[in-house]
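K.L.:
Listed below, chain by chain, are the residues.
Protein chains: 2
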Amino acid sequence: MTETPVTFDLIAKAAETWRERIGPSESMEAVSNIMRVQQILQAAVDESLRQHGLTFARYEALVLLSFSSRDSLPMRLMGERLQLHPTSITNIVDRLEADGLAQRLPHPTDRRTTLVTLTATGRKRLTEATQSVLKTDFGFVGLEPGELSQLSVLLTKLRKAAGDF
Amino acid sequence: MTETPVTFDLIAKAAETWRERIGPSESMEAVSNIMRVQQILQAAVDESLRQHGLTFARYEALVLLSFSSRDSLPMRLMGERLQLHPTSITNIVDRLEADGLAQRLPHPTDRRTTLVTLTATGRKRLTEATQSVLKTDFGFVGLEPGELSQLSVLLTKLRKAAGDF
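Line by line, the protein sequences are chains A and B. For the first sequence, counting from 1, position 23 maps to 23 in the numbering used here; every step adds exactly one. For the second sequence, counting from 1, position 120 maps to 120 in the numbering used here; every step adds exactly one.
Treat the hints loosely; a few may be bogus.
Stated by the list, open to error - Covered stretches of chain B (in silico footprint by chain A; criterion: 3 or more residues with CB under 8 Å from a CB of chain A, positions within the stretch not fixed):
(1) 45-54
(2) 93-100
(3) 104-111
Unchecked claim - Per the computed footprint, the stretches of chain A lying under chain B, defined by three or more beta-carbons under 8 Å from a beta-carbon of chain B, are:
(4) 8-14
(5) 26-32
(6) 48-55
(7) 99-112
Claimed, not checked - Derived contacts from chain B toward chain A, CB cut-off under 10 Å, selection only:
(8) Phe8
(9) Met35
(10) Gly146
Hints listed in this document are in silico derivations from the structure and should not be mistaken for laboratory results. These numbers were taken from a predicted model, which means no experiment stands behind them. Cβ atoms here follow ideal geometry from the backbone N, Cα and C, with glycine treated the same way.
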């Protein structure tokens with residue numbers, strides 16, 4: 001299958017048509033850009049992590065554990081911090097445990113709480129995976145560090161207004 | 001289940017720890033922000049569209065058709081423009097067709113090509129759905145139009161470097 005060569009930017013072109021037919025296009029253009037960039041970065045990070053047997057979601061869970069005191073966190077708290085549904089975090093921990101990267105432990109004082117802790121293998125895998133994502137800079141290309149910071153400032157403003165704090 | 005109150009920004013906090021333990025955090029912070037904002041916007045748009053029986057993906061397909069000459073496009077081209085796998089675009093068109101919003105037609109001159117065309121019902125549904133997404137501004141909150149444009153400039157620069165043109 002040959003691809004029709006695209007000689008214009010699809011999103012900019014759609015925004016132009018939106019402006020002509022519907023109205024202001026800033027939001028439509030921004031949402032399209034965010035959706036597309038998320039796909040680009042997700043693909044790049046998943047590609048970097050594949051060789052380590054990790055997905056972005058599992059990598060984030062390992063980072064979270066490694067950033068916690070004593071390399072462990074209550075499972076419920078992991079879900080909250082990663083903003084995931086309880087079933088998603090359960091699946092992630094199941095897989096990390098099956099791969100020997102994390103371990104479920106009973107909480108020493110609260111029977112209702114399950115702790116998840118990073119194993120030595122998990123820590124090693126995390127270090128190697130971090131080297132790989134850093135090598136491709138999480139998929140970022142074409143932007144200076146200052147522009148990445150600008151992006152974060154704008155997106156943090158949005159998250160704050162949406163109730164992320 | 002009561003949520004542990006979060007009184008700090010999870011992403012800013014993680015970036016701080018990353019900086020202390022690993023190194024420069026601009027990319028890590030930006031990728032986290034983009035992933036999270038994508039979730040926020042996707043949820044907002046899906047919520048606006050649910051009452052119209054549409055998902056964001058099917059809504060985008062209707063917009064694309066409506067922006068095309070004669071409200072129709074070869075199915076293969078739809079996949080390219082929406083940057084979707086052939087199976088995804090097939091599923092989307094199947095569902096639009098089942099709902100009477102689009103129709104597959106044979107191409108008048110090229111037997112190997114399937115055209116997809118917007119129906120009158122599809123056009124009406126699209127107009128109503130657009131009113132709904134505009135009402136919530138695609139989920140955008142807290143940003144001025146100028147800031148949305150800034151976002152698009154930065155993200156377009158990234159897309160261009162990643163080969164999106």
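K.L.:
Now tell me if each hint is right for this structure.
P.N.:
Cross-check of the supplied hints:
| no. | hint | in the structure |
| --- | --- | --- |
| 1 | 45-54 | violated (count 1) |
| 2 | 93-100 | violated (count 0) |
| 3 | 104-111 | violated (count 0) |
| 4 | 8-14 | holds (count 6) |
| 5 | 26-32 | holds (count 6) |
| 6 | 48-55 | violated (count 0) |
| 7 | 99-112 | violated (count 0) |
| 8 | Phe8 | holds (8 Å) |
| 9 | Met35 | holds (6 Å) |
| 10 | Gly146 | holds (8 Å) |
The earlier numbered hints that this structure contradicts are 1, 2, 3, 6, 7.
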